[in-house]
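Chemist: Each chain, letter by letter, is given below.
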Amino acid sequence: MAVSVQHEDFDLAAETAALSAGRSDIGAIATFLGLVRGDGGLVAMSLEHYPAMTEKALAGIVAQAEARWPLQAVRVIHRVGRLLPGERIVFVGVASSHRAAAFEACAFIMDYLKTRAPFWKKEETPEGARWVDARDSDEAALARWA
Amino acid sequence: MAVSVQHEDFDLAAETAALSAGRSDIGAIATFLGLVRGDGGLVAMSLEHYPAMTEKALAGIVAQAEARWPLQAVRVIHRVGRLLPGERIVFVGVASSHRAAAFEACAFIMDYLKTRAPFWKKEETPEGARWVDARDSDEAALARWA
Amino acid sequence: MSVKILYFASLRETLGCAEETLESLPAGVTTAGGLREWLCARGGDWSALAPDKAVRAAVNQSLAQAASPLAEGDEIAFFPPVTGG
Amino acid sequence: MSVKILYFASLRETLGCAEETLESLPAGVTTAGGLREWLCARGGDWSALAPDKAVRAAVNQSLAQAASPLAEGDEIAFFPPVTGG
Numbered sequence: 001m002a003v004s005v006q007h008e009d010f011d012l013a014a015e016t017a018a019l020s021a022g023r024s025d026i027g028a029i030a031t032f033l034g035l036v037r038g039d040g041g042l043v044a045m046s047l048e049h050y051p052a053m054t055e056k057a058l059a060g061i062v063a064q065a066e067a068r069w070p071l072q073a074v075r076v077i078h079r080v081g082r083l084l085p086g087e088r089i090v091f092v093g094v095a096s097s098h099r100a101a102a103f104e105a106c107a108f109i110m111d112y113l114k115t116r117a118p119f120w121k122k123e124e125t126p127e128g129a130r131w132v133d134a135r136d137s138d139e140a141a142l143a144r145w146a
Numbered sequence: 001m002a003v004s005v006q007h008e009d010f011d012l013a014a015e016t017a018a019l020s021a022g023r024s025d026i027g028a029i030a031t032f033l034g035l036v037r038g039d040g041g042l043v044a045m046s047l048e049h050y051p052a053m054t055e056k057a058l059a060g061i062v063a064q065a066e067a068r069w070p071l072q073a074v075r076v077i078h079r080v081g082r083l084l085p086g087e088r089i090v091f092v093g094v095a096s097s098h099r100a101a102a103f104e105a106c107a108f109i110m111d112y113l114k115t116r117a118p119f120w121k122k123e124e125t126p127e128g129a130r131w132v133d134a135r136d137s138d139e140a141a142l143a144r145w146a
Numbered sequence: 001m002s003v004k005i006l007y008f009a010s011l012r013e014t015l016g017c018a019e020e021t022l023e024s025l026p027a028g029v030t031t032a033g034g035l036r037e038w039l040c041a042r043g044g045d046w047s048a049l050a051p052d053k054a055v056r057a058a059v060n061q062s063l064a065q066a067a068s069p070l071a072e073g074d075e076i077a078f079f080p081p082v083t084g085g
Numbered sequence: 001m002s003v004k005i006l007y008f009a010s011l012r013e014t015l016g017c018a019e020e021t022l023e024s025l026p027a028g029v030t031t032a033g034g035l036r037e038w039l040c041a042r043g044g045d046w047s048a049l050a051p052d053k054a055v056r057a058a059v060n061q062s063l064a065q066a067a068s069p070l071a072e073g074d075e076i077a078f079f080p081p082v083t084g085g
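Residue numbers (the working numbering), protein chains in the order written: chain Y, 1 to 146; chain L, 1 to 146; chain Z, 1 to 85; chain V, 1 to 85.
Among these hints, one or two may not hold up.
To be verified - Under the rule of at most 25 angstroms between Cα atoms (straight-line distance), these lysine-lysine pairs were calculated in the PhoX-like manner:
1. Z:Lys4 to Y:Lys56
2. Y:Lys56 to Y:Lys122
3. V:Lys53 to L:Lys122
Calculated directly from the structure, the hints in this document are not laboratory data.
Computed from a prediction, not measured in an experiment: that's the story for all the values here.
Please put together the full structure from these sequences, using the hints given.
Modeler: Here it is as structure tokens:
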């Protein structure tokens with residue numbers, strides 16, 4: 001399955017290897033790994049999501065990328081629940097024959113995931129908890145794919 | 001060391017983990033993995049290089065990327081010698097606080113590596129061996145960083 | 001047929017409500033924007049749905065616009081701009 | 001001081017030569033492009049260095065242009081456009 005939403009961590013080497021397993025027509029694998037930053041004394045980051053919609057939204061983003069670039073494999077894993085600084089939040093892996101398609105599709109998926117997939121981050125700090133504000137720069141990043 | 005040129009394969013999970021090991025200010029890790037494609041009955045790919053220059057050229061490319069984007073860690077591994085279809089040729093991993101810098105620096109390093117680092121590929125096919133021609137599109141890809 | 005409404009993240013906390021079910025669409029409400037206005041008119045905490053607030057909507061688990069049409073049986077969700085990834 | 005010249009990949013194979021050492025820079029040769037012309041003038045297989053051929057050069061392990069100056073003791077390399085990655 002191309003898309004997973006889960007609390008558990010994942011095996012990066014196995015996930016990357018699976019993108020090209022059993023085939024030799026793949027020349028390029030671009031990946032992105034998002035981590036919890038411990039800025040400003042962050043204690044933990046909790047991710048809420050909209051379970052009935054999340055995988056559907058991610059699968060829709062992957063389908064858009066596959067319609068736009070010649071991709072041989074795509075994998076998206078997004079974690080939810082409480083995560084500590086340094087822990088992984090999201091993995092996107094894209095396999096293609098050539099590097100430009102792999103890089104662009106990987107960045108495209110991240111840009112859409114950031115602005116179109118129903119996840120919300122809440123920061124725990126020594127001063128209390130607060131919801132993370134959406135960033136205008138994330139919405140602006142979509143413009144280059146228009 | 002940020003740059004390695006070697007025949008041996010490498011541990012992808014360990015190399016990626018090392019990019020953010022012991023610190024919590026990294027929010028984004030972009031990686032690229034180049035693989036040998038088995039197109040057209042390719043039997044093997046042999047990579048020749050210019051040993052005295054190779055690591056210096058790669059380190060120079062990494063330094064250019066570090067001057068251009070705020071990066072916390074960069075790793076480049078390029079294999080040389082005889083490799084089989086499906087085997088890894090090159091790994092580039094870039095860690096930054098934010099994803100745009102990580103993605104762009106990773107693509108920049110690959111574009112410069114493809115056109116400025118002294119490696120040459122020779123294909124072994126059932127019909128014999130032949131040197132791979134440089135692609136105009138690789139040189140053209142540099143224009144966007146000008 | 002009933003209509004299910006879900007609230008997420010800071011909006012869920014502000015409203016003190018994760019989910020509610022209406023027996024049917026309120027009279028005159030035909031769009032996601034119309035439902036938002038109707039909910040906002042409850043006043044108090046519900047003014048978190050006022051037009052000047054950054055609120056997104058989904059109808060049947062797909063992102064929706066204010067003009068997106070509603071039908072009986074739909075699942076409508078309201079939430080703040082997303083912040084995953 | 002001597003000058004070391006290296007050849008790589010298809011150029012190395014065409015020339016049948018990976019490396020040579022000149023006792024000094026040839027008379028009148030002061031740039032990478034000048035050395036390339038001097039080598040090409042050997043004729044035969046060395047015409048692989050002719051101006052219309054795609055050949056790159058490095059001086060002391062850094063990419064060079066035709067106008068890059070040479071000095072005694074330099075290491076100069078000639079090779080086809082690179083194809084790594």
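Chemist: Look at each hint and say if it fits the structure.
Modeler: Each hint, compared with the structure:
| no. | hint | result |
| --- | --- | --- |
| 1 | Z:Lys4 to Y:Lys56 | 19 angstroms, holds |
| 2 | Y:Lys56 to Y:Lys122 | 23 angstroms, holds |
| 3 | V:Lys53 to L:Lys122 | 19 angstroms, holds |
Violated hints: none; the structure is consistent with every hint.
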